[in-house]
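For reference, the chains in residue letters:
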Amino acid sequence: MISQAFADVLAAGRNGFNHRVREAQRIFPAFRAEAFLRFLEEGVDGVAVAVEQVDRSRLPATVLAAYDVALELVGRSLVGPAARSQVLAEAWRGLFPRLARLITAHPTQVLGMLSNAITHIEGIAGARISQWTEEMTALAPHLETVEQLRIAGQVLAWRSGAAHFRAGAIAAAAALPEALALRAFGAGDWSSWQAFRNDVEHDPWWGDDDLHAMRERRVGSFSGFGGQFATPPEIRAAGEVFFVKSGDRYFLLIADAYGAVLQPAGADEFEHAIVVQPRFDYSLRDGMLRVGSRRIDLDVPEPGLAVCASAATIAIASPYTHAIRLLARGER
Amino acid sequence: MAFDFFRKISRAPTNPRATVRPREFDVADLYRGPVADSDEREPVDTQLDEKLRQAYFWIVNKAIISPHYDIEYNDGPAQTFTVGDSKRVLTLPSGQSYSSYVLLPLLTFATRRKCLFVGGPGRGKTASAILMGVLAGASVREVRRAMQHGHPQMTIADLLGNPLPADLINAKDMAEIRIAWRSWLSMRVKIVDEYNRIPTRTQSALLTVMGDNYAEVLNQVFECPESAWFLTANDEQGGGNYQVIEALRDRIDVIVQALAFNPRFLEELLVRIEEEVRPEELMPPELIFTAEEVDAMGRDIRAVEVPEGVRRRLEFFASQFELAEMAGGQFEYMTKDTARLSGIAWHELAAADNGRDRMKDLGCQTRNGLSVRNLMTLLLYAKALAYFRGNAEVELEDLRQVLPFALHDKLQPDPDAPFFALPENAPYRTDRVSWLRRLFDLANDEYLRLDLDRTDAVGELAKQFALGLDGVGERDTRARLARIEKLIGELVKGRKLYGHLYDDLLKLKYLHQRYTNYLAWLRAQ
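Going down the list, the protein sequences come from chains A and B.
For the first sequence, my numbering begins at 1 and goes up steadily by one.
For the second sequence, my numbering begins at 333 and goes up steadily by one.
It should be emphasised that the hints constitute simulated quantities derived from the structure, not laboratory data.
Glycine included, every Cβ here is placed at the ideal spot set by N, Cα and C.
A portion of the hints provided could be inaccurate.
Residues from chain A shown here face chain B by an in silico Cβ test under 7 angstroms; the list is partial [unchecked claim]: (1) Met-113; (2) Pro-141; (3) Thr-145; (4) Phe-165; (5) Ile-170.
Working from the sequences, and respecting the hints, build out all of it.
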């Protein structure tokens, strides 16, 4: 059963809404009307109820926008029984109603943004979408504009494992009110955004007391077991990032305290990395990697290990697992 | 309305390549995804080649039903299947391939050249031409009104415009007669429907507009803007009411054929009927090109490089066709054009030609050679195709793919040639696109057999000459002359004369003459 207010809006625009469904059936071969009806009931209705409480006069426009977004999501099997995960559907039920004020004001934009963001983060291997939705839900009452929502989402995406968003998220956060910026970074104890930024900006492995920040990350693994690397990865450092070659494929590897992300790269970038790769002195002995006075326990056999380092990160690739272990170069 | 299938353009890159990904990550990517938000309607700064590809894919996916991917590219081995008693090959290309029926008109639009659509009635020739007009920013109504429909009673006044009646009566001088020019003359995309139904005299007036870009009536001249031309004909051989004059046919740069409709796509046709959809009326505004954008695109296309290796292949191919050994007494006049101008019957000339391997000699397959205009068209379209594919250099495959459309009615086959008598070559009598592509492939095979990429003595001498004569002394000049004479001696020793050898010898004669003149000048100092 859907709410009366939502039912009234659907009934008032019945022909138009039905026409949209027919159009969606034509565009998306995977579109299933039953899945759509169920999503209206379980996902969209909650948003409609929340919007009605904010401003009933905006309900028809919001329902129209939500209806179109729902058609697209069901048509693309991003929600419903054929969806890869139920995270997006759950966000419509849990997170979206918490943002009812923003949705009421800008329904198409906010519903599209949030749906896209969840789909995007879900597609990043290793990213923690549940962390993003939980933290966004907690932050929702403090967000007053769409722009604040946009920036907060970007910061949370980085902190949920999208390491390649780090620089952009820190830069964007400068536009947030100080208290909101610190809250988005999980740094509510800090009193100055600028002081916090100075610390976090210069160390990819900065984590303070953040439970989600680690001193070590792992990426890849043998493709036969669902990983990304068909052959043992070769790694080269280039500035703050790494380039990786596995078989005939090339990747850009970005890692920090919150995650490690692989992006497609070109052969020329990998080849160029040999030129700029910094010198890195280390030795392998007795199951340990020795870098200066530091000793790092190895969890894989020594033979065949590939080791290199950027200014902030040590990367260790094993031919036995095809995985790359990434560690903060400095000790805390 | 967020839901509009026909106006939707994919935001995904149309020609994705791993190496061109920006290394500066944009956090705004977080909000880009399958669902359109209001940001999607903001204009995005799209590169013109990407915009051209978006236009192509919009036409292929939304406007044209049943596209045929006959311009095939492969990124690796292609899957092929041999089909039927005739053993024809169905290829599943491993690279992004294109439909000539959409691509060639688009390249024509981008380069502002002239394209002829041919094919039976009701195959979408006019509709495709209208799409090109809309792409230039005109409304469908404007394009339709400006379209010239050929008919047997079409006069020059119908085509170009009428003198104002009052001026005809009152004018004391021709200069005082004002002309009401037809509005289509100022369009950036000009469409002439069924041009082979236009009377011959009116065709001549059309030729002036097409060739020289101006219209003239009663000594009054209208200068037309640079524009792309799209013409349609049910029969490319000119089988309308009037024979198309040769000069007009020669002005057409490419010919594309509207291939048959595949009934497997009938469902989409049904949707259009039921929904009353006319794709040309739904073209997304983001795909419209301004005149300045087409100008910029033209400049970018001309800047695409043709590497020496590709240029040499075209030179070698073009060399095959002009030679007619028995047509001239003097070396320079041994050409098919000499024979054509003399009016001699073709079969007499062919019968006189003996001694060469008429099966191996590609020149024996054609009745004519290539003109300068043909070669310029070929090079420009090859550049345009490379640009469309996002490349800064023309690849050999680009040239191979545009060649059949640029030479479609320019290189006339000789159906009596021994090549066409072979059973396996019988389809080439009717399928000119395949024949021309085969011809190019055969020329390339011969080029490789002769190892001309590595051993091109004539090319070396030409390069040496291209460095200039400043500082070249008398002794060096004499040495170069001797080298040319020696090379000619080697080339002609015991060999039959083929087209490429004929052109090499003429090039050597040219170099010899330039050095001879230079030597004379040196000695006069």
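Here is how each hint holds up against the structure:
no., hint, verdict
1, Met-113, "holds (5 angstroms)"
2, Pro-141, "violated (21 angstroms)"
3, Thr-145, "violated (14 angstroms)"
4, Phe-165, "holds (5 angstroms)"
5, Ile-170, "violated (10 angstroms)"
When held up to the earlier numbered hints, the structure conflicts with 2, 3, 5 and fits the remainder.
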